[in-house]
Amino acid sequence: MLNWVWFGLLATGMFFAAAGGNMEQTTAAAFSAASDAVLLILEICGLLCLWMGMLRIAERSGLVDVLARLISPLARRLFPSVPPQHPAFSAIVMNIAANLLGLGNAATPFGLKAMEYLQTLNPQPDTASAPMITLLAMNTSCITLLPTMVISLRLSAGSAEPTAIIGATMLASSIGFVFALLLDRAIRRREQHRGR
Amino acid sequence: MLRQLSLFMVPLLLVGIPLYGVLKKQPVYELFVEGAAEGVQMALQILPYLLAMLVAISVFRASGAFQALAGLLTPLTDALGIPAAVLPLALMRSFSGSGALAMAADILQQEGPDSFTGLLASVLQGSTDTTFYILAVYFGAVGIKKYRYALTVGLAADAASFLSSFIICLLLFSG
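The listed protein sequences derive, respectively, from chains U and S. Note that my numbering has the first sequence beginning at 1, numbered continuously upward. Note that my numbering has the second sequence beginning at 1, numbered continuously upward.
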């Protein structure tokens with residue numbers, strides 16, 4: 001599927017560029033996106049190193065296991081195929097907690113660590129496993145308690161009430177979050193019935 | 001309260017984790033460096049996945065295909081009474097985080113942050129994350145190439161957040 005999505009984006013893009021006569025601009029955009037990707041990775045890299053270093057300490061000192069044991073009753077419902085008290089649970093919890101608190105740049109490293117743990121349980125290393133997709137469903141539709149970025153954006157646009165949207169954002173985001181989890185669960189169950 | 005918690009959370013973790021390690025008699029510095037080295041590897045591992053996605057998305061945007069897609073969906077949103085300015089933002093939200101942020105800023109400037117359109121754009125921007133980016137980074141980090149139904153779930157959830165943002169804003173702000 002991803003092959004088609006990726007090719008589709010490129011091909012329809014190039015088709016429209018040819019039809020609309022902005023081929024030059026589109027090519028330039030492709031090149032600048034490629035260098036932007038490198039800059040973005042450099043930015044992520046520092047934070048990844050910092051949090052991966054912290055996580056290694058947490059792992060070896062047993063903190064990860066303590067946390068995993070604490071939350072395993074809840075997490076087991078969301079990730080039924082992950083063995084109880086697996087260290088993946090602690091990374092998942094830190095990932096969700098960081099998302100909730102709006103610490104986006106800490107959420108990613110925790111999430112990636114969780115992916116790493118889940119990959120060790122994955123029978124097909126090039127294919128997404130069910131718990132991985134659940135984790136991604138949680139992250140793409142993340143619940144935000146405090147949309148700091150939007151608030152500062154509203155403030156700079158001269159809003160009389162920059163925080164007026166907090167309640168609505170929380171609610172909309174929770175609905176998206178619950179919907180994502182329910183849909184993920186429905187598809188997972190259907191695939192299980194088909195014997196995958 | 002929440003802001004205070006966010007403020008103290010990071011320093012607490014940065015001191016608390018090594019403190020726990022020291023109490024457990026672990027070589028904290030050595031472990032940190034070891035883990036950090038893994039961070040470098042992971043970042044390099046993600047790069048090709050992220051680059052592939054960002055290039056395809058930027059071609060789609062710069063060529064005018066994105067506006068065409070938005071144009072295609074306009075009758076649908078018009079029928080529901082969703083402000084025309086918000087639709088491109090809702091679509092962009094799934095594709096590009098920086099693109100959506102720029103669009104949201106533009107809407108707030110043009111329509112006013114406290115107008116219905118401005119409020120809806122704010123809620124929309126804050127209530128979901130960039131699906132394509134998250135998928136590329138998370139799957140890239142562990143070398144997953146076949147996403148199965150992950151994209152379907154992500155995009156369907158984006159659509160659900162968009163519709164619920166609109167309904168919630170209608171209930172709360174138009175009246």
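Hints are computed from structural coordinates only; laboratory data are not their basis. All values derive from a computational prediction rather than experimental measurement. Please note that a few of the clues may not be correct.
Partner residues are not named here, just some residues of chain S that face chain U (Cβ under 7 Å, in silico) [said to hold, decoys possible]:
1. Ala56
2. Leu73
3. Leu76
4. Pro113
5. Ser115
6. Lys146
Here chain U is said to cover these stretches of chain S; the calculated rule only asks that three of the stretch's residues, wherever they fall, bring their Cβ under 8 Å from a Cβ of chain U [unchecked claim]:
7. 15–24
8. 38–52
9. 61–70
10. 81–92
11. 98–106
12. 153–162
Note that CB positions come from ideal geometry on N, CA and C, so glycine has one too.
Do the hints match the structure? See the list:
{"no.": "1", "hint": "Ala56", "result": "holds, 4 Å"}
{"no.": "2", "hint": "Leu73", "result": "violated, 15 Å"}
{"no.": "3", "hint": "Leu76", "result": "violated, 19 Å"}
{"no.": "4", "hint": "Pro113", "result": "holds, 4 Å"}
{"no.": "5", "hint": "Ser115", "result": "violated, 10 Å"}
{"no.": "6", "hint": "Lys146", "result": "holds, 4 Å"}
{"no.": "7", "hint": "15–24", "result": "holds (count 6)"}
{"no.": "8", "hint": "38–52", "result": "holds (count 11)"}
{"no.": "9", "hint": "61–70", "result": "holds (count 6)"}
{"no.": "10", "hint": "81–92", "result": "violated (count 0)"}
{"no.": "11", "hint": "98–106", "result": "holds (count 3)"}
{"no.": "12", "hint": "153–162", "result": "holds (count 7)"}
Consistency with the previously given hints fails for numbers 2, 3, 5 and 10, ordered from lowest to highest.
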